[in-house]
Amino acid sequence: MHYGKLPNRVIICIDMKAFYASVSSVIRGLNPLKTRLAVVGDIKQSGSVVLAATPLLKKEGIKTGSRLFEIPKRKDIHVVNPSIDRYIKASNYISSLVLQYVVLRIFMRIALMSCLLMQRLLYIYSLKHQKS
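Heads up: the sequence shown runs through residues 112 to 243, numbered per our numbering.
Since the hints were made in silico from the structure, they are not lab data.
Errors might be hidden in some of the hints.
[As the list claims (entries may be wrong)] Capping the alpha-carbon separation at 30 Å, the derived lysine-lysine pairs in DSS-like fashion look like this:
| hint | residue 1 | residue 2 |
| --- | --- | --- |
| 1 | Lys170 | Lys145 |
| 2 | Lys169 | Lys200 |
| 3 | Lys155 | Lys174 |
| 4 | Lys155 | Lys145 |
| 5 | Lys184 | Lys169 |
| 6 | Lys200 | Lys186 |
| 7 | Lys145 | Lys174 |
| 8 | Lys169 | Lys155 |
| 9 | Lys186 | Lys169 |
| 10 | Lys186 | Lys174 |
| 11 | Lys116 | Lys170 |
| 12 | Lys155 | Lys184 |
| 13 | Lys155 | Lys116 |
| 14 | Lys169 | Lys145 |
| 15 | Lys174 | Lys200 |
| 16 | Lys184 | Lys170 |
| 17 | Lys145 | Lys200 |
| 18 | Lys184 | Lys145 |
| 19 | Lys145 | Lys116 |
| 20 | Lys174 | Lys184 |
| 21 | Lys186 | Lys170 |
| 22 | Lys200 | Lys170 |
| 23 | Lys155 | Lys170 |
[What the hints assert, rightly or not] Label-pair ranges, simulated between beta-carbon atoms:
| hint | residue 1 | residue 2 | range |
| --- | --- | --- | --- |
| 24 | Met112 | Thr175 | 28 to 34 Å |
| 25 | Gly158 | Lys186 | 21 to 27 Å |
| 26 | Asn192 | Leu117 | 28 to 34 Å |
| 27 | Leu208 | Lys116 | 33 to 39 Å |
Small disclaimer: the values here were computed from a predicted structure and weren't measured.
Backbone N, C-alpha and C fix where the C-beta goes; we use that ideal spot for every residue, glycine too.
Could you build all of it, start to finish, from the sequences and the hints given here?
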């Protein structure tokens with residue numbers, strides 16, 4: 112395949128950093144960038160898998176795929192069960208904010224935590240509406 116012959120377009124990807132961990136932090140009134148928090152499959156099972164970790168916890172080596180028993184037992188580390196309903200609501204809310212500025216046809220939600228905007232269409236859309 113010769114990529115030079117394909118249409119040239121820019122795609123913007125919005126990836127929400129440590130989405131489950133960020134939402135879980137905010138639910139608890141914590142700043143996700145200043146909190147050590149891990150979302151695990153089941154806090155009662157020591158072998159449970161970490162689904163998401165905040166950036167500070169990642170710096171300590173705990174990341175997606177780590178096991179609950181690998182997380183140090185410290186007072187400054189929060190370990191929580193997932194709250195899928197809350198993640199869906201947060202994702203829908205963020206998507207609704209984006210859709211206030213772009214048209215639906217250029218918006219593609221990939222998962223709860225990311226979406227794509229095709230910039231070329233976004234640019235054309237903005238030019239069209241500037242003339243109005």
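- Which numbered conditions among the earlier hints are violated in the structure presented, ordered from lowest to highest? As far as the earlier hints go, 11, 13, 19, 26 are violated by this structure, in ascending order.
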